[in-house]
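Colleague: Chain Y: place on chain X using the hints.
Sequence lines, in order, name chains X and Y.
According to my numbering, the residues represented by the first sequence are 55 to 187, in order.
According to my numbering, the residues represented by the second sequence are 6 to 407, in order.
The hints are simulated quantities; they were obtained by calculation from the structure and are not laboratory data.
Bear in mind the structure is a predicted one, so any value in this text is a computation, not a measurement.
Certain hints may be false.
Derived list of chain X stretches under chain Y, where covered just means 3 residues or more per stretch with a C-beta under 8 Å from a C-beta of chain Y [unchecked claim]:
1. 65–74
2. 126–136
3. 146–159
4. 174–181
Label-pair distances were calculated between CB atoms; the ranges are [said to hold, decoys possible]:
5. G141(Y) to V129(X): 17 to 25 Å
6. E138(Y) to E73(X): 33 to 41 Å
7. Q77(X) to Q379(Y): 23 to 31 Å
8. T104(X) to Q286(Y): 44 to 52 Å
9. V213(Y) to G126(X): 15 to 23 Å
10. K172(Y) to P130(X): 34 to 42 Å
Cβ atoms here follow ideal geometry from the backbone N, Cα and C, with glycine treated the same way.
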Amino acid sequence: MSDVVEQIPLVDYLVLGDEPHLQANECTSCKARYFDRRNACASCFGTDFTTVVVPNEGVLTSFTIVAHAAPGIDVPFVAGVVDCDGTSVRGNVINTPPDADHVKLGMAVKLATYIVGTDDNGTEAIGFGYEPA
Amino acid sequence: MSASDDIWILGIHMTKFGKHPDKDTVDLGAEAVMGALADGDVTMADVGILAAGNLMGGGSIGQQLQKQVGQTGIPVYNVSNACATGATALRTAIMAVKAGECDMGLAVGVEKLAGAGLLGGGGKPASKANVYEPSGRFGAVATTDGRIGTNTMPGVFAQVGMEYGHKYGGTSFELFAQISEKNHGHSTLNPLAAYTKAMSTEQIMNDVMIAYPNTRPMCSANCDGAAAAVVTNGEKLKTLSLEQQRRAVKVSASVLTSDPWQEACQVLPDVNTLTRNAATQAYEQAGVGPDDLDLVELHDCFATAELVHYDNLKLCEEGGAVDFFKSGAPRRDGRLPVNVSGGLQSKGHPISATGIANIWEICQHLRDECGDRQIEGANVGLAHVIGLASACGVHVLEKAAA
Chain X
55 MSDVVEQIPL VDYLVLGDEP HLQANECTSC KARYFDRRNA CASCFGTDFT TVVVPNEGVL
115 TSFTIVAHAA PGIDVPFVAG VVDCDGTSVR GNVINTPPDA DHVKLGMAVK LATYIVGTDD
175 NGTEAIGFGY EPA
Chain Y
6 MSASDDIWIL GIHMTKFGKH PDKDTVDLGA EAVMGALADG DVTMADVGIL AAGNLMGGGS
66 IGQQLQKQVG QTGIPVYNVS NACATGATAL RTAIMAVKAG ECDMGLAVGV EKLAGAGLLG
126 GGGKPASKAN VYEPSGRFGA VATTDGRIGT NTMPGVFAQV GMEYGHKYGG TSFELFAQIS
186 EKNHGHSTLN PLAAYTKAMS TEQIMNDVMI AYPNTRPMCS ANCDGAAAAV VTNGEKLKTL
246 SLEQQRRAVK VSASVLTSDP WQEACQVLPD VNTLTRNAAT QAYEQAGVGP DDLDLVELHD
306 CFATAELVHY DNLKLCEEGG AVDFFKSGAP RRDGRLPVNV SGGLQSKGHP ISATGIANIW
366 EICQHLRDEC GDRQIEGANV GLAHVIGLAS ACGVHVLEKA AA
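Okay, chain Y solo, but in the shape it has when bound:
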């Protein structure tokens, strides 16, 4: 079966996304870690490296978790890469196993974000003495957010989608709302999603406007959640039980990119080039193409973002994202289902957990363990996340050969 240096997901777990007022960040992370270990039928004694991500907590999340799940003295890497933090943790664990430093690694991402409100906006508070004094790299004398563009995430990603519309045409408020309608519809089959309510396009368009064309349900849902994964190599997997081998999911590609310089990237983050680069590398590494994919979980932090990533992940011809969506392809009964979990708009987006939770979703389908929302016969899936600043993670996963 597998080559000895292949990488496999041995165990993986995601908590229910939503409000967890009775659990703190460490509780949620520990639940994910213990779930992933149990899923892989291993213990902390088997694990040689821990990579952990959390943005909103108190720091050193990996060591905090060890105190709850097992302090074995292994190296801990606390990672931070905005919304790509979970994928970065997974990539770190994979790199350690690939490098031969250990034969089993653990990655976890956890966030408490319920009720966090609008992210990204604002500036430093004005000083008490009201005298203009240039400061910072732009020599600003007052806050620039709201005066020179917007820093809010719904506004930034609205512009990402509108820019695509300017370049290729065919976008509209209604089209973006329809993308959201798809994902909210998908979420009704996902018991772990934060929101599981179908919404009509009209309902979505008439909801509270946040940053045109993104209304509230077209924005990722702030919520609590955690996800964790145990990875191993092919050589180690051969020594494990037949059941562990049967359920293991092959990581055919694991790629992390950052944003290369582009003319306009200083004024609007370029979320396209680094995603295209990551997709290109991932397809090459995995030896598969977009046509081989059975499902995709992509980073729909806003409805406007999902559209551009159809194109960036090469699920369609360049410039063809609108037609791809209108064809029905990304619906769960379509040619290439996208975000059957409900996506970030309804499943939710506990930032650091997202980049592992999307892998969990793909694994459940490849293992044929996805219940009501199972994509029948799924053999190959792709998971994508992007964090502003920017970082992009793409993983291609394949079902274990029978």
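Isolated chain X (complex conformation):
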């Protein structure tokens, strides 16, 4: 049996490997970016998309500290929006205490990954968040 643990990203726009990063589907005509699959571009209605790499560094432009969530979701956690050089990304702020003394609007952050869980086959799901840069 192999001792290499299989890994799978929590979402398909997280690219694992030596340098984990996010990727987006970019409209070839208007450059609008989408993390999900689109039938046509919501901005210009074009139907051609190409895959682009989203920078790992960014600035926290908004956040909330969620204290009450749906059952099964650990709280508190920090949900936020990160401006990665013009591409807005939704993600949690991690690896810092979830309080307003440690999380500030405008703070510099960078992508970090962590293990979400392991399935019955031993495959690890890898999630991402943003930690103080």
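Modeller: Positioned in the frame of chain X, the structure of chain Y alone reads:
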């Protein structure tokens, strides 16, 4: 007086918001419909179209209501537009009258929401076999709520307010709590509000934290309630009694927008652009500006949301919402009272009813029938709702010319 194609609210009614354990959704909706018909001194025989909204019930709410208030065979439009459902129903009835399909329309929104708890969060339950399998448009192998941001409404709208703070500065936990203090204070004069208790800023800040900076009293109150309105055109109104004409309220603008594409709208709903667009269209349609308004009922689903809508509805200069609030302008004794009903935070937010209940509030002031919380001399008011996904309704209402 009115041009023949002007639109008028002839009758309007809102039920008490709160807990109605003894009434089902249809009871509440029927109460609103019969109240609106009585208020307008008309019957179901006069009505040519019914537009009805309800999100949490069993569907076909319009036809269910007809069975209780009058099955006359008129067309029914069951509409659904999240928190803008009531405004969408009203807009539908108005469009039918404007199009000349009938000369009187009825709109109703009703919801049973008491005790519903946190809305918007969660995900599909994990399958029994625990094997990661990508699914959905993001190829997710497990729930993303709580791991990649939050889907809960208090958290989403907290970010809407914080984003405004990042852009323009001046916001704080205390400032958002003060907005809530204003609305809870206003609610003490509204007997139909779900909650009518004044709360200090300190009490609000020390209450249960839901999603920073929104504590529990800074969130809209889930409750039961219904509201309904009868609309007609100017030509028909001329044939009605002088009393009906005197109490009719003119709909100077009726606008519904959806959210146009913006760079960040895929990660955080953009509740700003569609509201600005709706406000711009409404002011143009009505031929009035923000300075002409005597009161505003806006969609304060959370304290953090009220702040951004001061700006979106152009009640202040762009970027000036914090100063606008701090000036005292939106308090009931201020220059432009906002949410004198108590707003969604204390009056309550029975989702589909909200977009008609806010119109009812404005109408009561314009008719000078608002009792203790009357804004004296009110001639023009604006009502705004927004539903995520997104939809925004803005109506401008004017007092009937004497």
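Colleague: Hint by hint, say whether it matches the structure.
Modeller: We went through each hint and held it up to the structure:
no., hint, result
1, 65–74, "holds (count 3)"
2, 126–136, "holds (count 8)"
3, 146–159, "holds (count 3)"
4, 174–181, "holds (count 5)"
5, G141(Y) to V129(X): 17 to 25 Å, "holds, 24 Å"
6, E138(Y) to E73(X): 33 to 41 Å, "violated, 26 Å"
7, Q77(X) to Q379(Y): 23 to 31 Å, "violated, 58 Å"
8, T104(X) to Q286(Y): 44 to 52 Å, "violated, 36 Å"
9, V213(Y) to G126(X): 15 to 23 Å, "holds, 20 Å"
10, K172(Y) to P130(X): 34 to 42 Å, "violated, 25 Å"
The structure does not agree with the numbered hints 6, 7, 8 and 10 stated previously, though it agrees with the rest.
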